[in-house]
Amino acid sequence: EKKMTNDHLKKLLVYCMLCCTQKIIVQGAQTFQTKVALLRHVEPNNPKCFAEGIRDLTCFWEEDEERAGSAKQYSFIYTYQNENSSECNVTALPAAGGRILYFCRLSQTQLFVPLDIQVFRDGLLIHNRRLHIELFFLLDPPVNLTVKRTEKQGQLKASWMPPPLKYLDDSMMYEVSYVIAGTQMGQVEEVRASSEVILLGLQPGAKYSVRIRVKLDGVSYNGYWSAWTDPVLMATLPGDLDPLIVSLTLIISLILTLLSLTVLLSHRRFLLNKIWPVIPNPESKFQGLFTVYGGDFEEWLGYSAGGLCLRPAYFYSEELPAPLEVLSEVSLDLPSSPLPPKAKQAPGEDEKLKRIDSLMERWRETPHEHWLMDQLRVLHQLPGPQCSQLESQDAYVTLNAQNHSGEEPLDDILEETLPLQALFASGRTCSESHSDLGSLQQSSGSGRLSTQSSFEYPNHTWPPKGPGYTYMAVADSGVSMDYSPMSSSRIDYMGKGVIYTNEYRNEIPAHRQPIPFAF
Amino acid sequence: MGNRRAKGRNGEDPVRDYVDSDMEAPRLLTLLLMLLEWTRPGRASPLRPICDLRVLKHFIEEAKDAEAAMLTCKEGCGLPEPVTVPQTKVDFNVWERKNAPEQAKEVQSGLWLLSQAVGSLRGSVTDATLHSHIDNSLRNIFSIGQVLRSLNFQEYPPPGVGVSGAETWRVSSASELLQVHVNFLRGKVHLLLSNAAVCQQGGS
Numbered sequence: 001e002k003k004m005t006n007d008h009l010k011k012l013l014v015y016c017m018l019c020c021t022q023k024i025i026v027q028g029a030q031t032f033q034t035k036v037a038l039l040r041h042v043e044p045n046n047p048k049c050f051a052e053g054i055r056d057l058t059c060f061w062e063e064d065e066e067r068a069g070s071a072k073q074y075s076f077i078y079t080y081q082n083e084n085s086s087e088c089n090v091t092a093l094p095a096a097g098g099r100i101l102y103f104c105r106l107s108q109t110q111l112f113v114p115l116d117i118q119v120f121r122d123g124l125l126i127h128n129r130r131l132h133i134e135l136f137f138l139l140d141p142p143v144n145l146t147v148k149r150t151e152k153q154g155q156l157k158a159s160w161m162p163p164p165l166k167y168l169d170d171s172m173m174y175e176v177s178y179v180i181a182g183t184q185m186g187q188v189e190e191v192r193a194s195s196e197v198i199l200l201g202l203q204p205g206a207k208y209s210v211r212i213r214v215k216l217d218g219v220s221y222n223g224y225w226s227a228w229t230d231p232v233l234m235a236t237l238p239g240d241l242d243p244l245i246v247s248l249t250l251i252i253s254l255i256l257t258l259l260s261l262t263v264l265l266s267h268r269r270f271l272l273n274k275i276w277p278v279i280p281n282p283e284s285k286f287q288g289l290f291t292v293y294g295g296d297f298e299e300w301l302g303y304s305a306g307g308l309c310l311r312p313a314y315f316y317s318e319e320l321p322a323p324l325e326v327l328s329e330v331s332l333d334l335p336s337s338p339l340p341p342k343a344k345q346a347p348g349e350d351e352k353l354k355r356i357d358s359l360m361e362r363w364r365e366t367p368h369e370h371w372l373m374d375q376l377r378v379l380h381q382l383p384g385p386q387c388s389q390l391e392s393q394d395a396y397v398t399l400n401a402q403n404h405s406g407e408e409p410l411d412d413i414l415e416e417t418l419p420l421q422a423l424f425a426s427g428r429t430c431s432e433s434h435s436d437l438g439s440l441q442q443s444s445g446s447g448r449l450s451t452q453s454s455f456e457y458p459n460h461t462w463p464p465k466g467p468g469y470t471y472m473a474v475a476d477s478g479v480s481m482d483y484s485p486m487s488s489s490r491i492d493y494m495g496k497g498v499i500y501t502n503e504y505r506n507e508i509p510a511h512r513q514p515i516p517f518a519f
Numbered sequence: 520m521g522n523r524r525a526k527g528r529n530g531e532d533p534v535r536d537y538v539d540s541d542m543e544a545p546r547l548l549t550l551l552l553m554l555l556e557w558t559r560p561g562r563a564s565p566l567r568p569i570c571d572l573r574v575l576k577h578f579i580e581e582a583k584d585a586e587a588a589m590l591t592c593k594e595g596c597g598l599p600e601p602v603t604v605p606q607t608k609v610d611f612n613v614w615e616r617k618n619a620p621e622q623a624k625e626v627q628s629g630l631w632l633l634s635q636a637v638g639s640l641r642g643s644v645t646d647a648t649l650h651s652h653i654d655n656s657l658r659n660i661f662s663i664g665q666v667l668r669s670l671n672f673q674e675y676p677p678p679g680v681g682v683s684g685a686e687t688w689r690v691s692s693a694s695e696l697l698q699v700h701v702n703f704l705r706g707k708v709h710l711l712l713s714n715a716a717v718c719q720q721g722g723s
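Chains A and B supply the protein sequences, listed in that same order. According to my numbering, the first sequence holds residues 1 to 519 in order. According to my numbering, the second sequence holds residues 520 to 723 in order.
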């Protein structure tokens, strides 16, 4: 049993050794591949040589698969100064990109003396190089990289084990790379002849990724930078708030807040208007619309005293239309002579009177009469502003104050000489300016009338005449003047005569025709 | 001596004391020993060990500068005759088999050969810049000797003229000579100083 146990132990030991050896071989192969890949980029000459220690040298070169041959076709000849040549066995390995890697490894070397290397392929020299081995070190990366926090903020202490190479300790230099994890923000620090370093000026409370690589300092020995170690993460101590900075920050914030509030309060109305503009209230433009009529616009229009003059104002922005009353004194006698082109002579007298009577009766019955009278009544009852509005109208008709008899031709009466007895009769409460209404200034024979002309009614020259006046309401929009015939309450007198009305459209047309009054 | 009167020969002889005649011999003996002690060869006053290798690195850099300057020289910079120089190659398997004294002897011998060779080059170089480099190299070789002395390495007599062996070879060009100078300092001298026992014990 004891013998069996020993056998088992031996087998186990051999198995472990094989595993370890295999592991070492695999690691060595990986290391070799890593170094080959590293040198492939930094060394332009062939063969590319590197020493991993003070007793070895590895040289390699690559060739395309097309030109490559077997390893036996190649000869690696090396010659130290003042010595005989020696040959190294060449080994071939497959490389990336379909290439073949040929390498030779010397296990016993001489430093500080020139070495000549020659590579032959089938007796033909393909590579030739002279070098000093101590200047071509490619070391393994440092091991056991440890990063610790120090007692101070913004500091980390990194320590490592240098490559275990005798005689080279004091000739090694290191490069420590530390970046904030996940970013590219970092620095590189060089360390010579030491195996630890304190990293200063780091951000408090940040996680750093630290890695390191090694190279010889180039005085007695030289070589290439090794591969980087695996990064080690470590966070720095969180930063303490400086009381002075905190207090200053608070004071400045308070001052800025007070300033902002002051500015906001001083411009609060402006800002409120900008942010939340007030909805315009048209109530000021429509007096009594909301307070009296509860927002009923139609009702307000119908009963507002300034309806005649205000209503056109909201339709026409430029000029307010002026109501025009044209009163004509109707004569019972028909004009003896035919009217000038402005008016036509009436047909037969009897027929005419009959027609007029019928028209007048019809007209009397229409509600227009009441409405017109009401308009006139309201017009007189309005206070000054409305009157002044009427007064401000440019276009109104001035009638001649002459007392025309019935013999006068009707056309003359229609044109110019129509007293405003109805206005006088209703009781004028307005100012004298009302007397100007409805007066038609005698114009020239052409009878042209401009909307821009003003009319005056010399009220004092108008004797109150009897009833029987016709009048017209004129609405001047500035573009056209609309005339609507009206009548007074004393319509009886008008029934006997022909009522002539003229249509004025900015200018009185040359030809006027009697328009039978519609009652 | 202080007791002896400074009387001339015509003066009366001083009265000799019995004590003076008995103490005169030891005095002479003491004086002789002191003189011999001062003039004893090969023994200097102990120096503080120079373990800082930055000194050697500085010498190596200056040797490299001299070598680089020599490469640019085309005329008036040759050796009058081939000179013997030390071997610079270091096989660590062989080097480690040697003990410290052997290593020190090899280094001292090589430094002496180099000083002789560079000294002969100094006489044949006409370029002023090269002259300064060569003078600098000679001073550095002497300083390295001082450093070795400070590290308590045993001093060995220089090899005789015309010595040859496995540790020497002959060069015929100035550039080869200065290259040997650089390689020797970087190699054997550096190895000897960096592994000096005095410095390993934590000396300065």
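Mixed in with the good hints, there may be bad ones.
Claimed, not checked - Mimicking DSS-like on lysine-lysine, the simulated pairs with C-alpha atoms at most 27 Å apart in a straight line are: (1) A:Lys148 - A:Lys215; (2) A:Lys215 - B:Lys583; (3) A:Lys166 - B:Lys593; (4) A:Lys215 - B:Lys624; (5) A:Lys23 - A:Lys2; (6) A:Lys11 - B:Lys617.
Since the hints were made in silico from the structure, they are not lab data.
Here is what the structure says about each hint:
1. About 24 Å separates the Cα atoms of lysine 148 (chain A) and lysine 215 (chain A), which keeps this hinted pair within 27 Å; it holds.
2. Distance check on the hinted pair: lysine 215 (chain A) and lysine 583 (chain B) sit about 20 Å apart at the alpha-carbon level, within 27 Å; holds.
3. A distance of roughly 41 Å separates the Cα atoms of lysine 166 (chain A) and lysine 593 (chain B); the hinted pair therefore is violated under the 27 Å criterion.
4. As the CA atoms of lysine 215 (chain A) and lysine 624 (chain B) are separated by approximately 32 Å, the hinted pair breaks the 27 Å bound.
5. Distance check on the hinted pair: lysine 23 (chain A) and lysine 2 (chain A) sit about 31 Å apart at the alpha-carbon level, beyond 27 Å; violated.
6. For the proposed pair lysine 11 (chain A) and lysine 617 (chain B), the alpha carbon gap of about 41 Å is over 27 Å, so the pair is violated.
The structure does not agree with the numbered hints 3, 4, 5 and 6 stated previously, though it agrees with the rest.
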